[in-house]
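> Note that the protein sequences, when read in sequence, are chains A and B. Residue numbers are given in the numbering used here: position 16 of the first sequence equals residue 16, and the series is strictly consecutive. Residue numbers are given in the numbering used here: position 65 of the second sequence equals residue 65, and the series is strictly consecutive.
Be careful, since some hints might not be right.
Stated by the list, open to error - Here are the simulated lysine-lysine pairs, DSSO-like style, with alpha carbons at most 30 Å apart:
1. 266/A with 41/B
2. 173/B with 274/A
3. 266/A with 308/B
4. 241/B with 242/A
5. 267/A with 241/B
6. 128/B with 93/B
7. 241/B with 12/B
8. 301/B with 139/A
9. 9/A with 33/A
10. 266/A with 7/B
11. 93/B with 41/B
12. 285/A with 9/A
13. 9/A with 254/A
14. 133/B with 173/B
15. 270/B with 254/A
What the hints assert, rightly or not - A few chain A residues that don't get close to chain B, going by computed Cβ distances all over 12 Å:
16. 34
17. 68
18. 72
19. 77
20. 131
21. 135
22. 173
23. 307
24. 317
Unchecked claim - Which residues of chain B face chain A? A few of them, derived with a C-beta cut under 7 Å, are:
25. 51
26. 190
27. 195
28. 196
29. 216
30. 220
31. 258
32. 259
33. 260
34. 261
35. 262
36. 272
37. 273
Think of the hints as simulated: they come from the structure by calculation, not from any bench. Please read these numbers as outputs of a predicted model, since none were measured by experiment. Don't be surprised by glycine CBs; every beta carbon is placed ideally from N, CA and C.
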Amino acid sequence: MTDPVLDVKGLKTYFFTDDGQVPAVDGIDFHVKEGEILGIVGESGCGKSVTSLSVMGLLPSPPGKVVDGKILYNGEDITYASESRMRQIRGNDIAMIFQEPMTSLNPVFTIGSQLIEAIRIHRKCSKKQARARAIDLLKLVGLPRADELVDEFPHQLSGGMRQRVMIAMAMACDPKVLIADEPTTALDVTIQAQILDLMLKLNRETKTAIIIITHDLGVVAQMCQRLVVMYAGKVVEEGTVKDIYNNPKHPYTKGLIQSVPDMREKKQRLYSIKGSVPKPGSIKKGCQFAPRCEYVMTDCLEQEPQLTGNEHLVRCLLYRE
Amino acid sequence: MGESLLKVNDLKKHFPIEGGVLGRTLGHVKAVDGVSFAIEKGETLGLVGESGCGKSTTGRMLLRLIEPSAGRIVFAGKDMTKLAKSELRELRKDIQMIFQDPFASLNPRHTVGRIIEEPMIVHKLGGKKERKKRVRELLEVVGLSSYHAKRYPHQFSGGQRQRIGIARALAVKPKLIVADEPVSALDVSVQSQVLNLLQDLQEQFGLTFLFIAHDLSVVRHFSDRVGVMYLGRIVELGASKELYEDPKHPYTQALLSAVPVPDPNYQNEKIILSGDVPSPSNPPSGCTFHNRCPMAMDHCKTKVPELKELEDGRLTACHLY
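Sequences are here, hints too, so could you generate the full structure?
Structure representation (structure tokens):
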């Protein structure tokens, strides 16, 4: 067993708004080891993107603030690291790719100049060397005509190509951890397959740990070894992908897996979880999932369940000792 | 075989590209380039394809929200392309549409009751009292409550708004519903609720659907027959079970293999297509798929394949067969 590269312990991120404080992330733990691919799954509003922004130190503050918990990178606590230290870490150690390949690149600069900027901020090298490195990176992510592409502008590229450029930029300084927030949601299926294939290849070749944040259970099943399921700012289940898919424990995870149509066979009727995701902070007492749960007990409305178990953890009173 | 409710024959939409100082037409974007299909009463035809393949344009042309450049649309025995405005309005009562974005497709200044009532006012159905009564009924039918009629769209979640959109479409008792990506903006757990609702409504009212979506699993679940589109043409059409289990066209094969299946025990041979979908303003010669096709032959570059019947009801446009 190696130590985790990134270890998040009891992270709480609240937003302080005019309507009071909103606990977007309410005490979550997860970790990722070298060469591992971790999936974080949840629906919109469950706090998965706020988690990644907290880790990167990119949270808009105010109104957002990390109020509790620790973010450990290789043992170093970076939760309240200074802006200059975070600048060193971002890109060099932890890099991120965003959902929108259309808006994440600056439209008035060439692909090359944006890549060269990223490289020269973190590495001491001449413009020439940086340019050569930029071309290598574009080749690494499988873009054709890399030496012409460096001088082109983002609008000349398709969505899939732009996402490849974003990956190239994230990989520019060999980060130890790559956080991918919905990396393929905006892309078509055949392009999604290309990008996922590329990420798997990079993971194998560079041993970079990858955290994939997504709502797509299919992507997780194909890509990840371990999985964290989030609901309303909390981790409700954690374990290996195989354990969770073959034997989901939490009623929410069960419902989620059953409600996805499977391309291989047609079910007569889809299972559906009743109601919709609650607003963060609207449920003050007991289990967050209780109002939508079909196994709900009286205790669920009063008592908040804890995350229990060894390898396969679950936050549900059905599994209390 | 039942009777066809809708027959589409060689439907085309070429958008002109205008440019230069004089605004001359420089070329055409062949968004839809010769699409033919028929939908029988009570059945659901799914249309799948990647972005830019012309599936939404096809859907909109059926209601003549976009005027076709060429081709025939025969609905219930009448040629829609030849109708005058007044006759068209009469016929539009029978064809209604459900839109993708539940946030943009409802007027934020109208109450939900008014939104659902609107199509009945336009088509002069019933008196004021009857209409109000029908609105209350419709809200119950789609799983909302009659008191919701007094509220405004922003007070509802995405899934609830999509239900309002469905109630509006049902208000005039249509025969055909064109559903353009009705669940793609929704969360997984809410998506299955809406799909189940559409299924119930179909059974209850004997509705016929044209179901347009990019999510192949959702289309399989909901459709009796499926048409696969690529660059403005249907490349394969058949009963959904047979088409998904034994795809014939190389594009369908690649598309289906690229879908991530939510099961970690499932391993399939992924066919990863290189490159992107070409621009419809300058499609490749011959078979438009030849430059990405793993099985391309010499004559694919020059000869356009016809959509031919292979076996019972299965149509494919490919030179391999």
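> Failing hints, ascending?
none
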